[in-house]
Structure formats: C-alpha cells, structure tokens
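There are 2 protein chains.
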Amino acid sequence: MAENGHYSLMIHGGAGMLESLKDPKTASRYRQSIHRILEHGREVLESGGSALQTVATCATLLEDDPLFNAGRGSVLNELGKVEMDAAIMDGRDLSAGAVAAVQNIANPIQLAHQVMSKSEHVMLIAEGALRFADQCGIEQTPDNYFYTPERIAQLEQARLNDKIVLDHDETDSEDEAQKYGTIGAVARDLTGNLAAATSTGGMVNKSMGRVGDSPIVGAGVYADNETCAVSATGYGEDFMRTLIGKTISDLMLMKTLDGVQATAAGIDYFKRKVQGRGGVIVVDKNGQCSRGLTTKKLIHGWIEKSAESMVGFD
Amino acid sequence: MAENGHYSLMIHGGAGMLESLKDPKTASRYRQSIHRILEHGREVLESGGSALQTVATCATLLEDDPLFNAGRGSVLNELGKVEMDAAIMDGRDLSAGAVAAVQNIANPIQLAHQVMSKSEHVMLIAEGALRFADQCGIEQTPDNYFYTPERIAQLEQARLNDKIVLDHDETDSEDEAQKYGTIGAVARDLTGNLAAATSTGGMVNKSMGRVGDSPIVGAGVYADNETCAVSATGYGEDFMRTLIGKTISDLMLMKTLDGVQATAAGIDYFKRKVQGRGGVIVVDKNGQCSRGLTTKKLIHGWIEKSAESMVGFD
Chain Y
0 MAENGHYSLM IHGGAGMLES LKDPKTASRY RQSIHRILEH GREVLESGGS
50 ALQTVATCAT LLEDDPLFNA GRGSVLNELG KVEMDAAIMD GRDLSAGAVA
100 AVQNIANPIQ LAHQVMSKSE HVMLIAEGAL RFADQCGIEQ TPDNYFYTPE
150 RIAQLEQARL NDKIVLDHDE TDSEDEAQKY GTIGAVARDL TGNLAAATST
200 GGMVNKSMGR VGDSPIVGAG VYADNETCAV SATGYGEDFM RTLIGKTISD
250 LMLMKTLDGV QATAAGIDYF KRKVQGRGGV IVVDKNGQCS RGLTTKKLIH
300 GWIEKSAESM VGFD
Chain U
0 MAENGHYSLM IHGGAGMLES LKDPKTASRY RQSIHRILEH GREVLESGGS
50 ALQTVATCAT LLEDDPLFNA GRGSVLNELG KVEMDAAIMD GRDLSAGAVA
100 AVQNIANPIQ LAHQVMSKSE HVMLIAEGAL RFADQCGIEQ TPDNYFYTPE
150 RIAQLEQARL NDKIVLDHDE TDSEDEAQKY GTIGAVARDL TGNLAAATST
200 GGMVNKSMGR VGDSPIVGAG VYADNETCAV SATGYGEDFM RTLIGKTISD
250 LMLMKTLDGV QATAAGIDYF KRKVQGRGGV IVVDKNGQCS RGLTTKKLIH
300 GWIEKSAESM VGFD
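Those protein sequences? They're chains Y and U, same order as listed. Residue numbers for the first sequence follow numbering that gives the first Met the number 0, so the first one is 0 and each next one is one higher. Residue numbers for the second sequence follow numbering that gives the first Met the number 0, so the first one is 0 and each next one is one higher.
Extracted from the complex, chain Y is given alone in its bound form (with noise of 0.2 Å):
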C-alpha cells in the first residue's frame, strides 16, 4: 500500500532551450518561475487540494506565462497562427480530456479539463472543441493576447532556417530543440491520488492540423493511480509512436518497477526505439519524483514527499 500524510508535485517548461539558458538573466527567469509556480501548487495541495485541482492550477500558471511555449507564450505556426493542444487525465480513474489545434483560448488546459468533465468525449479538436468552448461560457481571447514580439522573430527566424535545416544535425541544433516547448505537470495529493497535465503552443512554423504528443493520452500525458503520472516534452512525433506515458506505467505495472526505474527503463525504451528526443517528468504512486531525458536540458522543478522545492535544468 502506498503510504499517505505527504504530497509530491513536478511541473516542466520543456525540453532543449539550450541558447536561452546560456543567458543567465532568462535561466533566472526560468529559475524563478518555476519556483513560484511550484509553491501555488504546494498550496494547493496543502490545503487538501486533489492532485487534479493541482495539475490544472500550475499548467494555468504556466500557459499565463509568456516564457513557455503553452498558451500565452505559444509559438506561431506557418501561417503565423498560434493553434495550441492540451491534455488532462485523472488517476483515479482514467477519465481525461484533451483538445487540438484549438485558436483563440487563453487556457487550453481548462478546456481541457471541461471536455473531460463536461462531455462525454476525451478529444475535440479544432472548430469543434471552440464550438464546446462556447457552450462552457469559455470566452475566446484576441490574437494580441499571444502575438509577442518574441514570438514573431521566432517564427521568421524558423522560416529563414527552413532553407538550411538539412545542413544542421538536427539533434545538435540548438534552434531545433529551441522548438521542443512544452509545459506539464504531474501531482499525488494526500491521499494517494495521482494526477498529469500537458499544454503547448507546438513547434514553430509547424504545418497547420498538426497534432503533437501532448494531447494524446499515452503519449503526453498519463496518470493511473494504480503506477504513476506522466508528462513529457520533445519531438511529439517520438512520443506519439512509443506512447512514452503508457509504457512507463505498464514498465511499473507489469515489471513491477518503481517510479525511478521505469522512468530510467521507459527513456532506454524510447532511445531503442526510435531514438527519441525530449524528456520526462514522473510522479509515481509513492510520490518518488523522477525525470529522463534524451535532450542536453529539461527545465522542471520539483516537490518530493512534502519537502522543499528543487529546480533542475538537466
């Protein structure tokens, strides 16, 4: 039996991002937010908040903050469209709730969140999960919300690289895993529940309809309470065909492995495999904190068993 009286909380603001780190000021930042970000979590579940209530509160935090490539801070497709993707799954029992491709919705994890408790459906995408939105009284925000100056430089810079990107080693390039944002969080609460939460903006300049990891219950993000929770960060395609959520829960279930050995087991999986590209935030039944990554860095924090907040870049 797991035992309860603590609680454990990771959040991750993706994979790569190695130029911005450089910068001591923006790993500051980072550094900063991520902290904070941590502690209104930690309130949360101080306050005997669900493990649910926790992911859905610091993925908001997170996409409200333009440093992550998540709902506010999304990046720009190839018609310059911000078109985000979410993901929220309950351990408790399996019941989740994802949207793709969606424009225009400041907090696509609350949408999320609303598809999962309010429908009866896990996936609604596009002009439908707006549609959906509209019935939840979610109001839509103006494209000034997300058009930072930042993230329109960003998008020219990727159409400029587009003509050279076959020259590049694309693991090596750090304008490649520049691309890899993504926010997520995953949470036990008192009483032993588990809980994930993934948001993103996408890769930049990425076709228009393509759908990535995140949103994909498997892939970006999973949560049983029976083995863990999961969200992750990278090249979506990876995750999309090795579903890195899913195999690390069944590593637990059916090798009875921990947190920490079928995180280490899911990411040798991963490189096997396809020679996958990103990382792994993990929060096991026990509350054990553990990451994997493939990738030179992997912003996250942490909260293990109640103790004091870590952040970590690698």
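Think of the hints as simulated: they come from the structure by calculation, not from any bench. For glycine and all other residues, C-beta sits at the position ideal for the given N, C-alpha and C. Hints should not be assumed to be uniformly reliable.
Unchecked claim - Going by beta-carbon spacing under 7 Å, a handful of chain Y positions derived as facing chain U:
(1) R209
(2) V216
(3) V273
Claimed, not checked - When the alpha-carbon atoms are kept at most 20 Å apart in a straight line, the in silico SDA-like pairs for lysine to any residue are as follows:
(4) K270(U) - E119(Y)
(5) K270(U) - T293(U)
(6) K272(Y) - R91(U)
Given the structure of chain Y, go ahead and fit chain U onto it with the hints provided.
Same frame as chain Y, but now just chain U:
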C-alpha cells in the same frame, strides 16, 4: 526467432451491430464482403507484398464498401456531416500516419499513409489535413458519394433516440452498439513484418470535432515487429483511456506472453480499468491470429499462417 514463409491477415468491420446481423441477408452480405477482401489481401501477400501494403489495400476496400462505417459508408455527425478518422502504422520502424476530422476524402487511410510517408508528422487534422491532401494531389470527393439514404435515416433515428437514450442501459442497447462501426486490418507478411490500419466515420450524431481512438497510435491502431499488430473497434473513449493496442504489445514485450495470451490479458485489463466496450483483432510476430471482445458481436475474418480464409461474427 519468428519463422518465415507464411503470412497472416485479419480484418474487422466493427463491433456491436446485433440488429443488422439478425437479418440473414445482411449477415450474408457482411460475410461475402469480409471473405472477398481477405482474398484480395491474400493476393498482395502471396505476391510478396508488404504487411503495410496489405493493410492499406484491405482498409481501402473496406472504406469503399458502404456496408461499413468508414470512407463511403461513414455515419453522419450532429451537423449531418461526414467527419472521418484513420491511421496506419508500420511495425518495422514504428512509423505512423493519422488523420482526424477530415471531410470529402474517399479513402482517409490513403491520406494517413501519405502523412506517414510524405510529411514529418504523425497526425494532421481537419483543414490542415485537407491542405496536405491537396499538396499530395488527393482530390476531394463530393458529398453525395457519402450521403446514402441509410445513413440519413440512421441520423434521424439517432436524433430521435437522443431524447430517450437516458432510459436505456447503454451496453445492452442495440442502437448504441450499432454506432460503434469501424474498419481495420492487421497483417504479417512473408518476411515477418507487421502493420496495422484503422479507419472510421465515428459515432452517429457525434459532436463536431470529436476524435475517437481510430487515429490514435496505441489506442485504435498499433504495430511493432517485436510484438504484434492491433486494430480496435468500439467505444473510442474507452480505448483512448486504456491504450489497448499498446497494452497488448507491452504485455507481449514485458510479460513475454504470446499474442493470444496478450489479447486475453489486454481485454481483462480493458474491462477491469474502464468497463470497456468493444473488440480487437491481433496478429502476433509469429503469425498467430486472435481476437478479443466485450461486446456481443465483432464482425471479422482471418487467414492464419496462409490457411483458408475464415469469417466470424463473435
């Protein structure tokens, strides 16, 4: 090592459909169609075609047959429109392609195949997928190709039933079961490669933009040469929450079960975790065929290790 020199193929045409199968004439039409399409698949496999080519061919033929809820026979959504989902996966390297909520595409499985082979993405949806179809030279098919009198009558019936559906036990409702149409194909070729394909029109009267399990790698479709190829049909949300394809594959990989044992264990998991409704067809790396279901019927057929073709309804 898996033995070579023989091939296996399974196809399905949906779960549920009790009402239709009670009519001997309709049952006979299903039987003939399944048999005919299996024999087409055999020709591809006997002439040395790949598993991938075989599942693409069989899924295309199933889409073309208005008997089945995919391609031409797709059901209508709440707006009286056809919105289709499809995915294909190659067990050699886990490459995959998927499309969701596409309209006016005669063969969504072929568009999914193009996403796999000609884009760097796994999943393209809605208008973005149609834009890609255009780039690939896939022409749009007019509405009247899809809108058969049967499908229009069925939508009217579903709209009427919606008012009374709460009085029904969903699992036992034949009307409800009728909604779970999907088509799928899984194959092992002469050299031991595996592939899977799944395609659907979704659920009658479904919400606009609702995506089910069919285009989700790991849920409605999965193939890995190390384990097995899986296609699912049923209540999509149940499969999305449990990732049944990936579960069966992981049971083979992590518990060293064979395909028959893993299918049975996967169905147990599906029932235990979400009281799942639906069925799966599985060909394992050795060419063993199996099927599992929690509904009363599963329209399917198989050729095991180059033997004669068989058709089953349960």
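>> Run through the hints listed earlier and report the numbers of any the structure violates, in increasing order.
In response: none
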